[in-house]
Structure formats: C-alpha cells, structure tokens
Amino acid sequence: MFSFWAKSLVEKLITLFFISIISFSVVMLAPGDPSEIDPLNPKFTQEDIQRLRKAFDLDKPLPVQYYLFYKKLFTNELRSYKDNQPVLKKITERFLNSLPLFLVGTLLTWCLAFPLGIQAALRRQSLFDRSTTFFSYFFISLPSFFLAYVLIIFIVKVFNVPVIGLQTFGRESVSWWYLINDRIWHLVLPSVLSAIGGIAILSRYVRSQMLEVIEQDYVRTALAKGLPPDTVYYKHALRNALLPFVTMFGLTLPGLIGGSVIIESIFSWPGMGRLGYDAILARDYPLILSLNFIAACLVLVGTFISDLLYMVVDPRISLISESKG
Amino acid sequence: MSGAIAKRILIILPAVVLAILVQSYFWVPNYDHQTRGNPQRLTQYISASIGDVAIINPILNADSASSEICEKIFDGLIDRDENLKLRGRLATDWKIYEEVYFVVNDDPVWISKGLSTPEAVKEAIERAASSPQPENSFLRNIDHLDILPPCTEERVVSEQEANEQGGEGKEIKIKVSIRYPARIKATLREVNQDFFTQLEPLLGSGYFNQKRLSPYLAIDPPVYDTPERRTAYLSQYLPVVEHNPVIIFNLRRGVRFSDGHEFDADDVRFTYESIMDPANRSPRIPDFEPVKTLEVLDKYRVKITYKRLFQPAITAWGIGILPEHLLNKESLAREARGKNLDPAEFTMRQSDFNKLRPIGTGPFTFVEWRSDQYIKLVRNENYWEGAPHYREFIWRVIPDMLTQELEFYAGATDHYEARVHQVNRLKKDSRFQNFSGLSFSYTYIGYNLRRELFQDKRVRKALTMAINIPDIIQYVLYGEGEATTGPFLKQTEFYNHEVKPLPYDPDGALQLLREAGWERDEQGFLRKGGKYFEFSIITNNGNPYREAILIIAQNAWKKLGMKVSADRVEWSVFLEKHINVGNFDAVVLGWSMGIEPDLYQIWHSSQSGNYQLNFVGYNNPQADDLILKIRQEYDEKKQIEYCHKLHEIIYDDQPYTFLYVGRWTALLDKKIAILERDDQGREIIKRITPTKTGNYSFYFNKWIKFPQDPVFSTGFE
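First to last, the protein sequences are chains U and P. Everything in the first sequence is counted per the numbering used here, starting at 4 for the first residue and increasing by one. Everything in the second sequence is counted per the numbering used here, starting at 616 for the first residue and increasing by one.
I should point out that these hints are in silico values taken from the structure, not numbers from a laboratory. Do not rely on the hints blindly, as some may be mistaken.
Within a straight-line C-alpha distance of at most 30 Å, the following computed DSSO-like cross-link-like pairs (lysine-lysine) qualify [claimed, not checked]:
#1 85/U x 826/P
#2 1043/P x 160/U
#3 1042/P x 160/U
#4 907/P x 788/P
#5 85/U x 57/U
#6 1301/P x 1285/P
#7 75/U x 954/P
#8 74/U x 954/P
#9 1076/P x 1192/P
#10 63/U x 954/P
#11 737/P x 790/P
#12 1076/P x 1115/P
#13 228/U x 622/P
#14 74/U x 92/U
#15 1143/P x 1173/P
#16 75/U x 970/P
#17 1252/P x 1105/P
#18 85/U x 954/P
#19 991/P x 85/U
#20 1192/P x 92/U
#21 57/U x 785/P
#22 1192/P x 1173/P
#23 800/P x 922/P
Working from the sequences, and respecting the hints, build out all of it.
Next comes the structure, spelled out in structure tokens:
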C-alpha cells in the first residue's frame, strides 16, 4: 500500500517537472509582450521599456528566467506585473470567490445527475426516459452563454432582482441572515448554469452504466431470489455502476482553477477563470504560469485521489497494486 | 447502507439543495424593495461606469472617469452654473483687468516729435486721455501709467538639437542676454485687445518696431545665433508690445480640507506650481502655459498674470485645488523615506495621495478604492455649501453594458445611460424618470481641402446637399440627434442659429456641380475634362454610427455619378497613416468639445501641418482673423458676435459636411427627488428638472431617495 503511494508520488513529481518546463516555454515563447511594456504604447520611451524588462527579469536567458520564476513562486515573492500584488495572495482571494460556485455547481451536478440517470435507466423507454434524453441533448447542444443571457434577462425583467456579481452591491452592513441569503441567491443562476451542462452529460453516463449493470446476471438473480428492488438497484447495482465516475470525480478538481471563464465573465464573478483569462490577455506571465502550475498540481492530485477512491470502491484494485509492490 | 436509504438520500439531497437555493430569493432586494434588509440603501447613490479610475488627483488625471471622481472630492476656484456661465466656488469672485507694456522708441526720428523719452511719452498719453476727442476715448480705460527704467537680464535656454536623422539630438545650453530699454506699463481697467492699434496713431505710425530691438539681445555661444532663433527669442523675451491680462481671485474664507486644514491662497499657488513642475508630468500643462506669474497677495487673494491675451485661460481654474500641506516637498520626502525610496526621485505621481488618501475640499470625501470594482466616497459633513443629502457616493466599475442595464433594473445602481435604440422603449417605462440632452460633440464628414477635387466651394456644397441628414438622424440614430451647421456647441450662445442648413437636394447638387464644370457622361458618371469624380471616404472601424454614415454617403454620392470607394481602418492606423499625415480624401469623424469657443486648433490655418488637428487643411484668412480675435476677446458680447460671424463663414465654406449632434438619454430611479428647505425650514420635495443645457445632476447635492415614489410639494410636481 505504502509503496503504491510513494511510487505514484514520485511519478507525479516527475510529470510535474516536465509540465513546468513545457508550460513555461509555451508561455514565454508565445508572441506578444506584457501590456505593461507594450512597445506600441506611445507613452513609453525605449528606456522605460528596457527598465521594465529588466525589472521583470525579461532580459535574462530563458533557463535563468525559469529558475528565477520557480524560486520566486516557492518563496512567495512572485508579484503580478499588472498591479504588483503578490501572485499567491491574488490567487487565494479569487480562489475563495470561485470555491462556492464550484462547490454548489458540483453538488448540483452530482446530486441531480444520479437520480435522473438511475430513474431513466430503470424506466427505460418510458416518457420520463425519453424526456430526460431530449433535454440532455438539448442542454448539451445549447451554448451556455446563450442560455445564461436568456435566463438573466428573464429573471431580471420579471422579478427585478440583482443577479450579477458575488452579492448585491452595497450590502456590507446588513444582518448575517440577509447577507448569507443574498450570497446564496447570487449563486443560484451561475451554479445552475454551470451545472446544467454537467447534469446533462453525467446523467447520460449514469443511465448507460446502470443499464449495463442491471442487465447483469447477479441483478437478475437478486431480483429472482426476492430481494426488494430498492436494495438490488440502489445497493448492489449502483455500487458497481459507480466505478467509472470515480475517475471523473477526481478530474473535476482542476475545474477549481480553470473555473468557468464564460459564466464568470457573464456574471462579473471575480473568480479564478476571469483572473486567468485577463492575465493571458495582459501577458501577465507570473500569474499565467502560477495558475498553470497550480492547475497541473490539481490534475495530478485529482488523479491521485481517483486512484485512492478506486481502492475504496473496488477492493480488487488495491489488491493488485499490493501484490505488485 | 440499505438500498432504501440510498434511494431516499438521492432524492432528498437534491431537493434540499434546491430548496435552500430558491428560498434565498425572498431575502434579496429588488427594484421596488431596495431597502430589504438594508435601510441604508436610501442614503447611497450608486453610479456605474465602463472603465476604472486611473488616478485620483485633479492635476494628474487624463481620463473622464478619474475627473468625474475628482470633481466630487476636489473643488476648483470656479465652475459653470446652470447656464454654463462661470461662477465662483473656492473663489467668491474675481476681477479681470490688463497690464500692457511697450518699449519706448528712442530712434532719432522720434526725438524731433518729443516722444523718445519715457517721461515724454507718458505725458503725451496722459494729455490725450484728458482731451475730449472721441478717438482718444479708449485711453480713459487706463487706470495708471508706470515707467520701467532700462534693465538687463540673462537667461539660459536649453534646447534639443536636431540631428541628421531628424530625431532629437543632444541638449544644448544657450545663454540669452537681454538689455531691456525703458518701457511703459499701462494698467487698463478692462482688457482691450486693440489697445496698441488704437495707440499707434497717437504716437505715430511705426512707433512699435520689433526689428529695431535686435541689438538689445545677445546670444551666446554665437554659433547658435541664427536669424530664426533671434526672431523667436526677440518676440519671446523682448516683445515691443505686450498684453498681460490679469485675474485677481478673492478666495472663500473658512473653507477647510476634509482633514480640517484651512484652504488658502498658498494651496492655489501650490496647485499651479505642481502642474508646471515637469517632474509631475501633468497633462494640464497646456491649460496653464499662458500663465506668466502667480502671486499670493494675501491669505485670501491671488493675482494671476498671463503672458498674452487668451480669454479661455480662466476656465482652467476649474481644476481641483490640492492641499499643499499634504503634498509639499517635506511631506513627499517623509513619504519617500517611509517607503525606503530616494526622496530626490519621489514625485507626486508616486504618492499614496492619488490612490489611498486623496483629500480635497469637495462635497464628498474619499473612503476606499477597490480597483476594477468600486470607489466609495462619503459626504463631507462640513462642506462649505452644506453637506449633500446622500451619505455615500459609490462609483461602480461595470465594463459590460448589458450588466449595467440589468443592475439598474434590479435597483443595484441608480442610473443608466440608455443606448439610442433603447430610448424609445425605456422612456415609456413608468418606473424610471428620464432626461435627455445634446452631447458636447458633433459628427461630420471632412474633406481634404488640399486635394484639387475639393477645392471648389460649390463642389463641397453639392456633396453636402446630396446627403439626407434628417434620414441619417432618424434611421441611424433612431431619432436621437439633431442636425448641426457649425463648429460651436449647439447649447451655447456661440452657436449661430441664423445659419440655415443646406437642403437635401440631389438635383440642386448636380446643378452646382455643373456650374463647377462637372458634367454627367452617357453612363451617368460625372466628368470634367475627361477625368472622373473619383475619391475615397474612410472612417475608423468599431464605431457603428460612423460605419453606417460611410455607406450612406458613398451611396448618395454614387447616385450623383461619383466614383466613391469606402473603407474602414483600425483606429491607430487610421490616425497614423491617414489623418496625421493628411493622406485621405474624405473622412467621417467627430469632435467632442469644451464649452469655450476657441477654435484655434481645429480651424486656424497655422494648425494644418502633420499631426495637427486642422487636418482638412482649412485656410481662410478671414476666419483666421476671427479665430484669433475670439480667443483674445474678454467682452462676452463681442465674443459671441465674432463667433456668429465665424460660424457663418465656416458653414459657407463647407470644409466639413456637418452632420449631427447626438442626443443622450439618462434614466434615473424614480424614487430620487430634490429636497430643499424654504425660509421657515419646511421641507420642499421637487421633481428633478434638467438645466437649460440638459444637465440633470446639477443639483446632485440636494438629491434624496425615498422608499417609494415621492409625493412632490405643491407647485413642484
């Protein structure tokens, strides 16, 4: 067991190292300069540009820049080009904004996708099954920004309530109850919108997995021997159908850092997605690379968690790795 | 875990999550219940803007967002009232007079006339002033005369030497020694731009001779003593006659900065000196360049002397006054040391004043600025004009127009600037009050008058008459605009409403073209001596109105038989490759303008070089003369008269096809009204009405928001 952990960890660290090199090269070699040292800006003299390049270490060879960058990242000395704020502080701030959106979105996705998928599988070919199928494909094909605008305009026009942003503006002094509910209300639309696509896709997977499992002999046997259908489907069948979703769950973790650029932009949500997007537009290298690095870490942590969850859900997997070790 | 429990969880969990989400709806405010859970909403005014503020310092900012915030925090000496006339703010009142200087001509010619000594000249003028002849009546304007004895002065001028490539070379230092001959200074009670032309007949024609003064100037080292430089230095340092208009401001007493420090004349001096300090790189330098000296007469009086006649110069004093005690050298040096920076290189630009703690005398004081999110101001309880009713002024950054609109519908902002296609619909919405007005700008088609094609006035008139301007306003602007005929703001008195616009008349246009020698050939194309009427029209891309006009104009002219190509160009390319270097035929553009009637930069023929604003190359000596007269005239009546004449001349020349002035429409929450008190202290609630010039927020400090639609006091509905 321990050797599996250690081996996996070493592998992941090596991967991370290569990712860091590749992402650094891609970002630095991409055309364009940070907007702070835009040579087309008439306000800047050549000396200004040189001075800024020097301040940003951009005058040094790439390997040195690489070394300096990661050194600064790990010692928390890295600062954004744009406003000279520490990068990690900026990311933490935005991360905390994105977190509730991610949590509620994920919660909605997984909470709703499973009942829908299971019911669709159990009542195969029924009206319910057909309509979930229809709506799944409907929402998968509908661009989320379009749906977002339609929903926003509808809600605001009909109810005259604020829906944009993290909370209603200017409500710092209200009591905690109003404050929390205000926050929750502002989560409703963006999280529902970011969940809709997920629910549509995930419920399809659940349905097909369930269908596959309930065709199995042991399910038929269990039903035949008189076990209550709920126990058969929701205990024995569901547990076996869960297996592929463990991988998927691990892979949702990087979504934390990527956020949803589109939803965050539409809702003026000061989250990670917009942070990254704006950083790319402004060629704010420290921010782009830090986000990139953290995203890579999260992907690796996600796969690591998936590996662990596999062992919980399916004991056979841990046995294999132990016998290998 | 039994299957039934798992099933129940799978149903209950999503239901609970959804229920929590949905119930929150009942606790959020909406347009009709903005105070839900937050009674303070009524004391806040929330405004939205597309871009963030750059710097909160009236002398350093260069963008409209920053200046809007600065206006709330800082007061100027003067500003404009409901009718766009100047009124006192930190200055209670001011006096304008003039000091004129001239060099006494000691050439032998004048000895015989007895006018070669200053004393003799002074006596001659005084004698003439007391004589009853009408041609000498202008001399009664003289308050007193002084004699300035000869003196010498040395100046060191540094210049950038041009190198062979035309770029800037090394800096050179030139020593200029000036021997001033005796001069006479006359203090005039009122500014008179014709003083010397009126005085010359009295002293004798040719008395004011600039060339004669050349020996009084020495340039060292002599290598640099070129004729051009000599002429330039002479007119700059030793002019034979000089107009120095003077403004004396009386300052308001007892006004305090929001930190409690009293405002006085030193703050005015400090603000001026900070603007002129090259280290601060203030974008306001051109406004204050005409200032010769600023003297503090006493704690509440400043005297500003100008280098030359330039009437619009006074409006520069609308600039917010900075607190000297917080930004002077000692304070900045202290701040620099606190930040471990070199005090010698630390300027006002780097100070935290501009970002973290701006302090002024204005109606609001600064609380906090979250970049890209909001700026929060709180009212100045001790504001000299009385504190505003709103407790907080919040200025939000909302880059997306749709979001701005939605936040307004939800009551999360108080104000929304409708786009033209929405005006018709939103004006009918009974939940909002709306205001409209003409913008301080106009849109036009400019013709490159250097091109042979456009040199005939009749041709330009024909081009204008071919375009259906009312249709453009109706269909491109959804009716939200007005036709304009001239270069002045339509809402000012400088605009000449007597000027009749050319009619939309394609046949008349053809007639004019025929007179100019353009005939249609059998295919319908206009030709003159075998040449087609062929040109291109361009505009910048990204502006849908200009792009629409581009096509409409092209189409209208094609119908006349012209060969017109149209193109849109990216903004910086548009400026660099076309406008700034005069490389275009016709162009669709717009000007946004200040209130002052100074047209020098856009219309004076001296401003038609590359990178200058008279890029169409307009050149009319009569107009040039009027343009100069207007900026030198301190009597408003005369100024208006000159403007009307100039307006007529420019419209008759048709260097532009003047198209329209846009109309803006702003929406405001209907629950906002004006609260005033009458003599007995009773509250009067008035409906917000715009001023004559369309400014509805002129009485902003008296605005108040009610929980429901307000009931207006009788007589003020």
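For this session: Assess, step by step, whether the Cα of residue 1076/P is no farther than 30 Å from the Cα of residue 1192/P, and give holds or violated.
Result: Holds, because 27 Å separates the two Cα atoms, which is no more than 30 Å.
For this session: Compare the distance between the alpha carbons of residue 74/U and residue 92/U with 30 Å, and conclude whether the hinted pair is satisfied.
Result: holds, 17 Å
Exercise. Would the pair residue 1301/P and residue 1285/P pass a check requiring their Cα atoms to be no farther apart than 30 Å?
Worked result: Since the Cα atoms of residue 1301/P and residue 1285/P sit roughly 12 Å apart, the hinted pair holds (cutoff 30 Å).
Problem set entry | 30 Å limit on alpha-carbon distance, applied to hinted pair residue 1252/P and residue 1105/P | holds, 17 Å
For this session: Given the hint that residue 85/U pairs with residue 954/P, test it: the Cα-Cα distance must not exceed 30 Å.
Result: With a Cα-Cα distance of about 20 Å, the restraint between residue 85/U and residue 954/P holds, given a limit of 30 Å.
Problem set entry | Distance restraint between residue 85/U and residue 57/U, which requires alpha-carbon spacing of 30 Å or less | It holds: about 15 Å lies between the C-alpha atoms, which stays within 30 Å.
Exercise. Regarding the pair residue 907/P and residue 788/P, is the alpha-carbon distance no greater than 30 Å?
Worked result: Holds, because 22 Å separates the two Cα atoms, which is no more than 30 Å.
Exercise. Would the pair residue 74/U and residue 954/P pass a check requiring their Cα atoms to be no farther apart than 30 Å?
Worked result: holds, 25 Å
Exercise. When you check the alpha-carbon spacing of residue 737/P and residue 790/P, does it fall within 30 Å?
Worked result: violated, 33 Å
For this session: Verify the proposed pairing of residue 991/P with residue 85/U, using a straight-line Cα cut of 30 Å.
Result: Holds, at about 22 Å.
Exercise. Holds or violated: are the alpha carbons of residue 1043/P and residue 160/U at most 30 Å from each other?
Worked result: holds, 15 Å
Exercise. Quick one, are residue 1076/P and residue 1115/P close enough, alpha carbons at most 30 Å?
Worked result: Answer holds: residue 1076/P to residue 1115/P is near 13 Å, not above 30 Å.
Checked against the numbered hints given earlier, the structure breaks hints 1, 11 and 20 and satisfies all the rest.
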